[in-house]
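Colleague: Chains A and B, in that order, are what the protein sequence lines are. Per my numbering, the first sequence runs over residues 1 to 150. Per my numbering, the second sequence runs over residues 151 to 537.
Some hints could be false.
[As the list claims (entries may be wrong)] Short derived list, chain B residues pointing at chain A, Cβ under 10 Å: (1) Phe275; (2) Asn279; (3) Leu390; (4) Thr391; (5) Val392.
Honestly, the hints are just simulated from the structure, not real lab data. On a predicted model such as this, the values are computed, not experimentally measured, just so you know. The beta-carbon is built from N, C-alpha and C at its ideal position, and this holds for glycine as well.
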Amino acid sequence: MAKNTLSSRFRKVDIDEFDENKFVDEQEEAAELQGPDGAEVESLLRQGDMMTAFHVALRNPPVNTKNAVVKERAQAIVLRVLTSFRSSEIETAVRSLDRNGVDLLMKYIYRGFEKPTENSSVILLQWHEKAFAVGGLGSIVRVLTARKTV
Amino acid sequence: MSLYNFGLEPLSCHAWNKDRTQIAISPNSNVVHIYQKSEKGWNKIHELTEHSGRITGIDWAPVSNRIVTCASDRNAYVWTLKEDAWKPTLVLVRINRAATCVKWSPQENKFALGSGAKLISVCYFEKENDWWLSKHIKKTICSTVLSLDWHPNNVLLAAGSADLHCRVFSAYIKDIEERPGPTPWGAKMPFGEMLLEHKDCGGWVHGISFSPSGDRLAWVSHNSSIGVADAPAGKEVTQLTVEHLPLLSVLFVSETEIVAAGHDCCPYQYSYKGPGNLQFVKKLDVPKQSSRSGTSAMQHFRNLDKKATTEEDQNELDTLHQNSITQLCIVEGPKSKVNKFSSVGLDGAMVVWDFKVQHFFFFFLKSSSRWLYICKLRKDAGICDDV
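Next comes chain A alone, as it looks inside the complex (with noise of 0.2 Å):
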């Protein structure tokens, strides 16, 4: 007696498609940067130049894409090097940055908190700190309020 006969295949409509007031974001003509370069960032890290190697890996982030994929493996390489920064070094390699820099760099430290695994988040949290030493409160409310991720 309870169970509906009639046809239910209408509440599988998203409505929110059809509205004629719906919000898109303007799309975005700028150049799709793919991330950093895993190969480049790799050997410089062996090589133990672990100032260019950040750098290096800060570059060409991938704001504007949408695809996963690419914004995985950027993360998973700036993961890499800010891993293996020693403690005392983390403040010289936030100096060394400009605002933009500073900036990003929240971004991609926020990301790695996401999926926290088992020591990256005592190094994320000592980059946090240096980071929000230089960037202020203001760096973090840009990582909120930033419309294209990294």
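Here the structure of chain A is known, so what remains is to put chain B in place on it, guided by the hints.
Modeller: Here is chain B on its own, set in the frame of chain A:
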């Protein structure tokens, strides 16, 4: 600087009368209180109670002495003073969402109202039918209009909205005014024409302000940044990221100096000297010099007992405002050389700040074949001691 606390409720908005002896405020409710200045502080003299929703904007036209209020009940009223009482007149704004902000135009013959209905309503008085009419600006606005400011030419209107854009529209109403001359923003200005659209200001555009000449436009957005668009320089936009919490309100206090304040409870000064040259100058709130001269032993043990800590009482912020500043307003001085501005915040306090610009005097003396120049820097602190 002087601080006055209007009670416990947050102050959503405020407006001054012409000679700054009266202030209209709304304590986050559907009522507007008008206070009169006296020696001991402020006395409430009027209460305007026509709205049924929370009041979101108040503006007081100095010359014609009319107040316009708008609220979340989708209405706006224009109040005129008749025999020592304020009488409301309903304005037909024709919006189906809450109104968010309202501003009289410089010549006070019309006002603009921003709303959550994704449109701006420009309202003017029609004499034949003795009522207020409105015209809508909807072009390309995709979300709530959060802030408005008029250009000194009484025609151009800047709007910041929650769709992360800031725009400049023409609000030229041919029934009530002459056609405006060309400006650096554009020459053709029919009603509703968009003269500037800056996409992606980074966040919701909470505050927007034209410079005294109208050639520059500054805005603050929710991603903790401040931006300036320069019309004579090809409408080039300069953005500066801020290390503090987002700013909510921005004000040009001279052609190059900008004051902004927001969730950090403190006004900051920025300086814009040209495209690409937007810099932070200083924090305008000097922290209170806490006169805590060594806590006595009794205090020490009392703290230890009550709070299990020997640290001093740190319940207050060290800024004058104890909560976010929601709105800044010019108090004294022409727009090009503001001496005092006021701020109201969520802590129910209203503070009047003194603003002094650094003066540089350069004297060039030519004596025979050598140039001697003496540079004299006169910096004013502008801080009272009795706070």
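Colleague: Each hint should be assessed against the structure and marked as holding or not.
Modeller: Okay, the hints, checked on the actual structure:
1. Interface restraint check for B:Phe275: the shortest CB-CB distance to chain A comes to about 31 Å, outside 10 Å, so the restraint is violated.
2. At about 32 Å, the closest approach between the beta carbon of B:Asn279 and any beta carbon in chain A exceeds 10 Å, and the interface hint on this residue is violated.
3. Below 10 Å, beta-carbon pairs count as interface contacts, and B:Leu390 has one with chain A at about 9 Å; its hint therefore holds.
4. Taking 10 Å as the C-beta contact cut-off toward chain A, the hint placing B:Thr391 at the interface holds, the least distance being around 6 Å.
5. Checking B:Val392 against chain A: minimum C-beta separation of about 5 Å stays under 10 Å; hint holds.
Of the numbered hints listed earlier, those contradicted by the structure are 1 and 2.
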